[in-house]
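> Here is what each chain is made of, one letter per residue.
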Amino acid sequence: MKTNSFQSTLVFLLLVSALSGFLTACGAKNGQEATTKASKIVVGIPQDFDSLDPHIAQASGTEEIMFNVFTGLTMPSTAGELVPALAEKWEISADSTAYTFYLRKGVKFHNGSNLSAADVKYSYDRLCGKIPGEEKALKSTFANVVKEVEVLNDSTVKIVLKSRNAKFLSDTYIGIIPKDSGPSQASNPVGTGPYKFVDYTAGVGMNLAKFADYYEKGLPKLDQVEIKIFADLNAGVLALSNREIQFMQIVYDTIAQIPKGDFVIEQYPMNTVQLMGINNNFKPFQDKRIRQALNYAIDKQQIIAMLAPGAPEVDSNFSPVMAYWYEDLKDYYSRDVEKAKKLLAEAGYPNLSFTIKVPGEYPIHVNAAQIIEQQYKDAGITVKIQVVDWNTWLTEVYAGRNHEATIIGLTGKLDPDNILKRFSSGYSRNFINFNNPRYDQLIKDGEVESNAAKRVEIYKEAQRILTEEAASVFIMDPINYVAVDARMEGFKYYPIYFIDLRYLNYKN
Amino acid sequence: MKKAFQNRNLLVGSILVCFLLLVTLAGIFYTPYAPNAIDPNALLEGPSIKHWGGTDKLGRDILSRTMVAGQSAFLMGLITVSSSMFTGVFFALLAGYFQGGLGNLIMRFTDAFKSIPSLLFAMMVAAILGRSFASTAFAISMILIPQFVRMTRAVVIKIKENEYIQWTKLVGLGSIRIMFLHILPNVMSTVIITASLAFAEAVLTEAALSYLGLGIQPPDPSWGQMLSQGQSALRVSPWGVLLPGTMITMLVLGFNLLGDGLSELLNARTAKPE
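Line by line, the protein sequences are chains L and V. Everything in the first sequence is counted per numbering that gives the first Met the number 0, starting at 0 for the first residue and increasing by one. Everything in the second sequence is counted per numbering that gives the first Met the number 0, starting at 0 for the first residue and increasing by one.
None of these hints come from the bench; they were simulated from the model. The model shown is predicted, which means the values in this text are computed figures rather than measured ones. For every residue, glycine included, the Cβ atom is placed at its ideal position computed from N, Cα and C. A couple of the hints might just be wrong.
Claimed, not checked - Not close to chain V: a few residues of chain L, all C-beta gaps over 10 Å, as computed:
1) Leu-51
2) Ile-91
3) Thr-96
4) Tyr-214
5) Leu-218
6) Ala-238
7) Gln-256
8) Ala-304
9) Gly-359
Said to hold, decoys possible - To be clear about the criterion: a stretch of chain L counts as covered by chain V if any three or more of its residues have a C-beta under 8 Å from a C-beta of chain V, and this derived list gives those stretches:
10) 360-367
11) 418-431
12) 439-450
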């Protein structure tokens with residue numbers, strides 16, 4: 000009996016390792032079978048859909064897929080400009096308060112009906128909450144902006160705004176749905192996009208099929224698309240290396256695990272700003288000198304080299320990807336530990352100490368926090384890291400503003416107003432509590448300015464204020480890494496969240 | 000004493016545990032590098048003369064981190080096992096001595112608590128109390144209590160039937176005195192064996208929680224956290240998980256063997272409880 004239990008422990012350990020080896024081998028075999036179907040692509044995504052209804056969904060992760068099911072009056076180009084989609088062209092009235100859209104002829108919905116001006120009116124009325132029985136729709140900003148929608152004729156529609164609003168047009172990419180289809184959209188989405196909805200299982204994924212009557216002839220190229228949800232990135236990476244999926248966004252750490260030759264890693268800037276948001280209401284951070292010291296004490300290049308090599312450095316909440324609006328403030332603060340120490344001493348906090356709350360779901364932010372903790376040590380600053388889960392982050396930090404500092408990425412949008420408004424004092428999610436009257440005024444001016452050149456100047460000044468006032472520590476625009484099956488071609492990337500499946504195809 | 004050396008479980012178990020304890024204690028006085036120091040010029044390096052255990056993706060020395068992580072593992076084990084032992088044994092004495100009303104109540108509570116999956120319970124505690132060493136220690140202590148109660152109570156019931164205990168009742172000694180002065184010393188062997196096994200479970204649970212990001216918080220290292228970080232770079236640098244993984248295995252194996260060995264040695268005369 001004595002020796003037996005020792006031996007049985009060993010036998011048990013051996014059995015476990017043999018079993019796990021066997022299971023791994025099985026996994027690899029299954030994967031190879033999946034790749035033989037040629038005109039189908041399996042796309043891995045990290046999170047479930049928040050809603051299938053295009054007017055209710057809020058998450059960028061949902062939008063990036065559903066762009067293939069729904070098309071709006073306009074859509075973004077790869078350069079981030081607005082290009083015609085369901086509207087062939089549009090006219091803006093002299094006072095910039097009315098937009099007339101001329102609809103493309105012969106566009107069909109997935110249910111076979113033809114697109115008409117009435118569908119556009121229905122969609123925008125629904126977005127404004129004017130459809131009886133569906134009042135609590137939906138993307139609330141439209142209700143504040145749009146006054147009314149007039150049908151001029153079957154293929155012309157006029158949208159009248161309450162007041163001048165320079166960014167209205169950039170929101171018109173939102174999907175158009177057939178008249179009266181609202182209540183069924185969440186279970187059976189119907190749009191005019193290149194792919195039509197087949198089925199959806201919560202937590203598992205979605206199937207899409209080619210829409211033969213899509214208005215752009217010859218597109219899309221593939222017959223079937225399967226969207227698979229991998230809540231755990233490592234599971235997704237395993238599926239990639241087993242060739243179970245052909246397309247997935249990954250992170251830098253995992254690139255080395257993707258089998259070379261089978262996959263091409265596409266990289267492009269995210270149009271996202273990773274920042275250490277510092278709460279401007281937290282006692283020490285009310286002093287501009289301390290905020291500047293935090294900017295001098297950080298070594299952004301080191302963070303970039305370790306977490307996302309090749310990523311552009313940023314100095315305000317704006318990515319250089321949006322070149323048209325971008326104010327180059329590079330090296331406004333370059334690393335100077337002595338200067339940081341001096342500023343801290345002047346402000347009366349030679350031994351500054353604060354806590355960074357960081358969402359544990361994002362390794363890039365947790366790792367950045369650990370690097371910053373070491374860098375700040377050089378300047379005598381003590382950093383404590385508190386990892387919280389995503390929901391806690393959203394309620395405590397983002398909505399509750401209960402933090403001293405946090406590290407997060409803020410996603411870019413097509414219009415600078417959507418990006419920079421985040422730090423105006425009246426904005427409900429101004430989680431860094433930035434408060435600058437001149438900045439607020441600029442954001443107000445920018446919203447109504449119709450002269451393009453003047454509008455650029457306004458937003459450039461706003462970026463300068465963020466940097467000069469050291470509103471936060473803006474770090475970098477991280478790189479997006481996407482693994483695409485090496486047998487495929489036609490991948491296009493956009494400065495907003497949009498996985499364009501139209502041109503993807505297997506090479507011959 | 001001779002018997003102790005002949006017991007292979009006990010021997011191997013104590014060697015493993017002593018070795019790990021030594022490595023961990025050494026880490027208090029000396030580590031090759033500062034455990035949290037990053038080095039952008041040495042990312043994901045393999046084992047070398049400079050870095051015996053290689054480096055992780057922030058260029059931190061894995062050997063140093065493994066040594067320091069051992070401290071928190073042992074500390075966590077020590078705190079959780081001792082606190083759950085005191086509470087568990089106390090309730091076990093009550094439940095065993097007062098069979099019937101109070102005893103049943105305690106045992107039903109224990110059963111109900113035991114039916115909650117331990118990891119799920121720990122995650123719930125982390126969600127409510129936040130992620131920290133203290134909340135993890137609290138969760139693991141709670142998880143360990145039922146096994147102390149069950150194992151000890153079984154022995155208490157058996158001992159209670161012995162004539163010398165019956166005799167103490169006859170001479171009119173108080174219940175408290177009987178429980179703590181006359182029964183307790185006789186259940187200690189069971190308690191020690193249970194503690195040894197519980198220690199292994201505590202370390203394993205802590206590693207699992209840290210692996211899920213709920214235990215020891217970065218930048219401080221823990222074995223479970225090092226495993227989960229090393230996992231994403233498994234193909235390029237397998238040594239990232241090698242050292243912490245080996246440590247967990249050795250510690251759990253060590254304490255299990257120690258527990259088995261002790262039980263063979265101490266319970267040689269009596270049958271194993273349960």
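> Would you mind marking each hint as holding or not holding in the structure?
Checked hints:
1. Leu-51: holds, 29 Å
2. Ile-91: Given a closest Cβ separation of 49 Å, the condition holds.
3. Thr-96: holds, 49 Å
4. Tyr-214: holds, 42 Å
5. Leu-218: Leu-218 of chain L clear of chain V: closest Cβ-Cβ about 36 Å, beyond 10 Å.
6. Ala-238: Ala-238 of chain L clear of chain V: closest Cβ-Cβ about 15 Å, beyond 10 Å.
7. Gln-256: Violated, since 4 Å does not exceed 10 Å.
8. Ala-304: violated, 5 Å
9. Gly-359: Check fails; 5 Å does not lie beyond 10 Å.
10. 360-367: holds (count 3)
11. 418-431: With 0 residues in contact (Cβ-Cβ under 8 Å with chain V), the coverage given for the region 418-431 of chain L is violated.
12. 439-450: Not satisfied, violated; 0 residues make the cut.
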